[in-house]
Amino acid sequence: MYRIVLLVILFLISLSLFSQKSLKSKLIGKWRIQNYEVFGEVHQPSLKESNDYILFKTNMFFEAFSEGYHDKGTWRLNGGTKISLIVDNNEILDATVLQITSDFLTIKYNTKELNYIIFHYKKQ
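Numbering (the numbering used here), first residue to last: 19 to 142.
To be clear, the hints were calculated from the coordinates, so they are not data collected in a lab. Treat the hints with care, as some may be off.
Between beta-carbon pairs, the in silico distance windows are [to be verified]:
#1 130 to 97: 29 to 35 Å
#2 79 to 57: 18 to 24 Å
#3 106 to 59: 20 to 26 Å
#4 75 to 134: 26 to 32 Å
#5 106 to 53: 27 to 33 Å
#6 134 to 46: 16 to 22 Å
#7 79 to 59: 19 to 25 Å
#8 131 to 68: 17 to 23 Å
#9 42 to 89: 28 to 34 Å
Note that this is a predicted model, so its numbers are computed, not measured. Glycine included, C-beta positions come from ideal geometry on N, C-alpha and C.
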């Protein structure tokens, strides 16, 4: 019985590590804003937002451009679909990856100001 429990635990841990590795490899690259949803209503980016992007690098650094502001810092996976962006001023922005394919990324940022907005990106 002990061996079965141990095997199940090891299997679940390996699945978790594999999914994080898979998510990391899918995130790598430059993602441009395609549109966003506010309470389920889809909106196109404004002219000011049309060049917004986030670039996830393999060395766990990122660059982002949003509404004319450029940010950079590090990023990390927090298990499953959770990621944290740590900006140079040590501000942490947590996010949840709702969906990811080789071409599309859907993220919800976990802050009061952005929690009701779902961002859709397209890989460049």
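Each hint tested on the structure:
As the Cβ distance of residue 130 to residue 97 is approximately 23 Å, the hint placing it in 29 to 35 Å is violated. At about 33 Å, the beta-carbon gap between residue 79 and residue 57 misses the expected band of 18 to 24 Å. Between residue 106 and residue 59 the Cβ separation comes to about 34 Å, which falls outside the hinted range of 20 to 26 Å. Distance hint for residue 75 and residue 134: a CB-CB separation of about 29 Å, consistent with the stated range 26 to 32 Å.
Checked against the hint of 27 to 33 Å, the pair residue 106 and residue 53 passes, with Cβ atoms roughly 28 Å apart. The hint said 16 to 22 Å for the Cβ distance between residue 134 and residue 46, and at roughly 28 Å that hint is violated. At roughly 34 Å, the beta-carbon separation of residue 79 and residue 59 lies outside the given 19 to 25 Å, and the hint is violated. At roughly 21 Å, the beta-carbon separation of residue 131 and residue 68 lies within the given 17 to 23 Å, and the hint holds.
Checked against the hint of 28 to 34 Å, the C-beta distance between residue 42 and residue 89 comes to roughly 20 Å, which is inconsistent with it.
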